[in-house]
Each structure stands twice: as structure tokens, then as C-alpha cells.
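Engineer: Sequence:
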Amino acid sequence: LYGPLTVEDICQEFSISRTYLQRLFNENLYTTPKKYINEAKLSKSKILIKNGNHSLSEIADKLGYSSIHYFSRIFTSRFEVTPSEYSKKIYE
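Heads up, the sequence shown is in the working numbering, so the first residue is 2 and it goes up one at a time.
Hints are computed from structural coordinates only; laboratory data are not their basis. Just to be clear, a hint being listed does not mean it is correct.
[As the list claims (entries may be wrong)] Derived Cβ-Cβ restraints for the label pairs, each shown as a range: (1) Thr20 / Tyr92: 28 to 36 Å; (2) Thr7 / Glu59: 20 to 28 Å; (3) Phe15 / Gly65: 15 to 23 Å.
Using N, Cα and C, we set each Cβ at its ideal position, and we do this for glycine too.
Throw the hints in and build the complete structure from the sequences for me.
Structural biologist: What follows is the structure, encoded as C-alpha cells:
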């Protein structure tokens, strides 16, 4: 999950078509590959925030987000709290 990971990367790695990958995800995980990747990255970001070993900028970079602002927007949209607020709540 570290770095930018795309659906195309997965298709290329396993030598399968995008259509086939989407069918596999839909039939087995009831989601799209892109949504699964995004959810996995957000879950990983929560773990990294809890560990406290990295700044939010480092976490965003490590997980392949284009900027801390984009990461913060996606995180907030999913969890209804900013990464900074989430971090503060953990250590209260």
C-alpha cells in the first residue's frame, strides 16, 4: 500500500484485464478495486497515525497521496474528522 498504487498496476502485476479485475472485486469483495485501494490506504493511515512515528505529511507521502491537503480532504471525507483531530483524540 505504500506509494501510489493504481488499478492499472494491479492488472499489470497479475497480467489480467481491468474488466476481469473489476469482476473479481465485485463478486468477492462487493466493491470496486479503486474503492478497495482507497479504503485500505485510509485504514493504513489510521495505523500510522496511531503509531506516532511519522508526521502527517510523511504519512501522506508514504501512502502515495499527491499532497497533505488531498490526504486530509480524503481522510476527513471518510472519517468526518481531520487527520490532526484524529491524532489529538488518540493521545488525549
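Engineer: Evaluate each hint against the coordinates.
Structural biologist: Each hint tested on the structure:
{"no.": "1", "hint": "Thr20 / Tyr92: 28 to 36 Å", "in the structure": "violated (45 Å)"}
{"no.": "2", "hint": "Thr7 / Glu59: 20 to 28 Å", "in the structure": "holds (21 Å)"}
{"no.": "3", "hint": "Phe15 / Gly65: 15 to 23 Å", "in the structure": "holds (19 Å)"}
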